[in-house]
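Asker: Can you make the complete structure from the sequences, with help from the hints?
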Amino acid sequence: MRNDAQEEQAALATRIMRKQAALSLRVAAVFVVILVGTPLANLYAPDFMGSKVGGFTLTWLFLGIAFYPITWILSSYFVKNSNKIEEEIAKEEKQ
Amino acid sequence: MIALLFVIAITVATVGLGIWATGKSKSTSDFFVASRSVGVGLNAAAISGEYLSAASFMGIAGLVMKNGYDSLWYPVGYAAGYLFLLLFIAGPLRRFGAYTIPDFAEGRFDSSSFRKIAVTFVLFIGFFYTMPQMKGAGVTMASIMNWPYWMGIAVVGTVITFNVVLGGMKGITLVQAFQYWAKVFAISVPCFVLMAVFQVGTPHAASENNARLKSDGAIKVKGATAYPANVVTMPSEPSWLYFPKGAKIGKIELSRKLLPTEPKLTVGQLIENAPKVVLKGPIRDAKGKEVKANYHDLSQLVRGDKAEIPENTALLVYDGKPEETGVKTPVSLKFQFAEATEFRIWSAARWDGAGGTHGQVEAIAPNAPPDAKWLNPFGPLTSKWGYPVLYTYSLIIALVCGTAGLPHILVRFYTNPDGRAAKRTTLWVMVMLGGFYVFTPIWGALGRALMPALYASNATDSVVIKVPTILSDPLMGQIFSGVTSAGAFAAFMSTFSGLLVSMSGAFAHDIYGKILKPSASPESRLVAFKLAAVGVGVVSMLLGLFVETFDIAMMVGWAFAIGAASYFPLLLLGAWWRGLTKTGAAAGMLLGGLASLTAIIGSMLLDKKVIAADLPPLLRALMEQPAIWGVPLSLVTMYVVSRATAKEIPADVNLKMLRLHAPEELGLSKNYIEG
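For the protein sequence lines, the chains are A and B, in the order given. If you use this note's numbering, the first sequence corresponds to residues 1 to 95, in order. If you use this note's numbering, the second sequence corresponds to residues 1 to 675, in order.
Honestly, the hints are just simulated from the structure, not real lab data. Nothing here was measured: the structure is a model prediction, and the numbers come from that model. Do not take every clue at face value.
[What the hints assert, rightly or not] In silico BS3-like pairs for lysine-lysine, Cα to Cα no more than 30 Å straight-line:
1) K384/B - K52/A
2) K609/B - K306/B
3) K609/B - K220/B
4) K245/B - K608/B
5) K292/B - K257/B
6) K80/A - K94/A
7) K373/B - K52/A
8) K214/B - K52/A
9) K94/A - K19/A
10) K52/A - K328/B
11) K609/B - K251/B
12) K384/B - K220/B
13) K530/B - K517/B
14) K248/B - K264/B
15) K19/A - K647/B
[Claimed, not checked] Quick partial rundown of chain A residues pointing at chain B, CB under 8 Å, derived from the structure:
16) A28
17) G64
18) T71
From the three backbone atoms N, C-alpha and C, an ideal C-beta is built for every residue, glycine too.
Answerer: As structure tokens, this is what we get:
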């Protein structure tokens, strides 16, 4: 009986963590690509990154301004989906 | 004096609001219960308010002014670090119900001994984080009151410490939220005014003339005790200098080390190269008054690598032009002043060919990086040791992982009602921080365009306080400088108070209450807390005196690097990997954290020349930015040692995982703090 309960716990923990981790890693992957890619773009495509857009070069425009809204989009996507996963699991388990 | 009024106003408002809010909630548990009904918006503002420290308010602007593009990684990292916190830590940690890291360590591994190790890092990270706050206080008071640096630290540090000891930082959610909005106002409004008045603001508008000085060319420099803030690198063009009688130069060197492939060039040659000429027209002192001064050749004044100025003197410094000397990139002379003085500098670049130059041309600010280096990636900050890409990535890792390892920030997530609200709050924190940080580089650009003299006096950290004073209406200048001073004050007040509370709490609750004397009564713990607060305050002030020459934002970056190599791996693996054991976690945290700490302290002592060693530049880069090896070292150690000690895994590890990850509706969460 006790073993059953423990196995159930283990299975549930695995299921929740898998779902959440898949989402977290997906968003993190996009973010890591941006973090790793920005210095690489600066290094290997300096002319492109140095092109002028509205008084700024792309380098400054991206890191000084555009970076923030990008992280907001990523985090709001994550929060919406992560909380959806929680609601689904709560519903399933209560049944 | 007007600025002082603003500073006093923000202090009184903060303390008063704290007292009012404390009166409304009588006990700690009242506070927590009340805060559970607090909305996401207020909570997010409170977290942002505590987070925006002197580094955010003053330091980033100063670092952007000093080093240009590379410094943008600081605000980006400070804000974007919350994304990692959100993806992996915020929700689970809130649900686990243990909101200090020592509590988490104890709850996750059923081990009270691990608490002791976890608590030491609260102190390491805390002290690193207090140093830049103290520097902020010293610099602000020096700027607005002309106090000596130590006096600003002593007065401000004492006031804040006593406020914490007397309990004035309670009711903290409301106070911190207020401080967030005060800081946003203070960084944005004067910024808009200056941009409108002077029509600059983009980094490119600020770098069209290599940061030439404005009008009078007067430069205040510090003496040898302030090393390396007494170092002045002359521009890469011929410049006229005017020194008052008695000025002492302790050391004259070349501005950079020559590469082995470059022709040998000595300081003596560079001095001899200067043409023997006099300046046409009168010589004026810093106040614009005509002075009697004689022309000297620098070679007549130099004794060894030192020089003494016997009378009011004008002299020409010459640079090592690549086309004349064969060096690859420009070289110039670098002076270390032995005593504080004020000198003037004009450009001698427009040679008239007839034995003289025009004296009215504004000089390039000494110490200022040229436009191309300032504007482009891999500039002076990251290529300091010749490994710019490595340095950049290491800095990014420190900032992004370090945010998730700051003890005084994680505590604040407890005031969220549940894991889902914790995630929503984090999202709003990121929006609020981004809205603030977007202004900080503009200040750096404003400083470069409008007040390049700050480069020469090594005072870029004071840019947000100083720049508003150049508004042509002196009253307006005073008022807007007062606004930014008040913002800076709010910044180091909120962060220093928060750190003081969490560090004194660690002493009183963890070290005294759990380790030294578990039988201590609540009253004696409160006494211990107050004594600890005084002790921590005094130590912070003393450490603050030592760091005047370090950039504020750099120092906070170091606190992040230590957090990234100690707490971040603990929380990440603790929340997601069942196989982590207490021995593994402790080993990784100690090894990664202490190795990073040692590297950083070593790097600071080398910079200050407290210790002397000629280490290879690659090693120096890795010591100054240790995250690139510190974080993997910690993670790998945790994995390997945990594998070896797998029998330590708690029997109820699955239940713990459910507590971390299962939605609250399933009723598996538990509050470690009774609310």
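Asker: All the hints need checking, so say for each whether the structure fits it.
Answerer: Each hint tested on the structure:
1. The suggested pairing of K384/B with K52/A holds, with an alpha-carbon distance near 27 Å, which does not exceed 30 Å.
2. As the CA atoms of K609/B and K306/B are separated by approximately 19 Å, the hinted pair is consistent with the 30 Å bound.
3. Taken as a hint, the K609/B and K220/B pair is honoured in the structure, with Cα atoms around 23 Å apart against an allowance of 30 Å.
4. Restraint check: the Cα-Cα separation between K245/B and K608/B comes to about 29 Å, which is no more than 30 Å; the hinted pair holds.
5. Restraint check for K292/B and K257/B: not satisfied, since their Cα atoms lie roughly 37 Å apart, outside the 30 Å limit.
6. Annotation: proposed proximity of K80/A to K94/A holds, straight-line Cα distance about 21 Å (limit 30 Å).
7. Straight-line distance between C-alpha atoms of K373/B and K52/A comes to about 17 Å, which keeps the hinted pair within the 30 Å bound.
8. Annotation: proposed proximity of K214/B to K52/A holds, straight-line Cα distance about 28 Å (limit 30 Å).
9. Pair hint K94/A plus K19/A holds up; C-alpha atoms about 18 Å apart against a cutoff of 30 Å.
10. For the proposed pair K52/A and K328/B, the alpha carbon gap of about 29 Å is at most 30 Å, so the pair holds.
11. With a C-alpha separation of about 15 Å, the suggested pair K609/B and K251/B falls inside the 30 Å cut-off, and the hint holds.
12. For the hint linking K384/B to K220/B, the alpha-carbon distance of about 25 Å falls within 30 Å, and the restraint holds.
13. Between K530/B and K517/B the alpha-carbon distance is near 16 Å, which keeps this suggested pair within the 30 Å criterion.
14. Distance check on the hinted pair: K248/B and K264/B sit about 27 Å apart at the alpha-carbon level, within 30 Å; holds.
15. Restraint check for K19/A and K647/B: satisfied, since their Cα atoms lie roughly 27 Å apart, inside the 30 Å limit.
16. Interface hint at A28/A: satisfied, since its Cβ lies 5 Å from the closest Cβ of chain B, which is below the 8 Å cut-off.
17. Here the hint on G64/A is kept, as its CB sits about 5 Å from the closest CB of chain B, short of 8 Å.
18. Taking 8 Å as the C-beta cut-off, the interface hint given for T71/A holds, the closest approach to chain B being about 5 Å.
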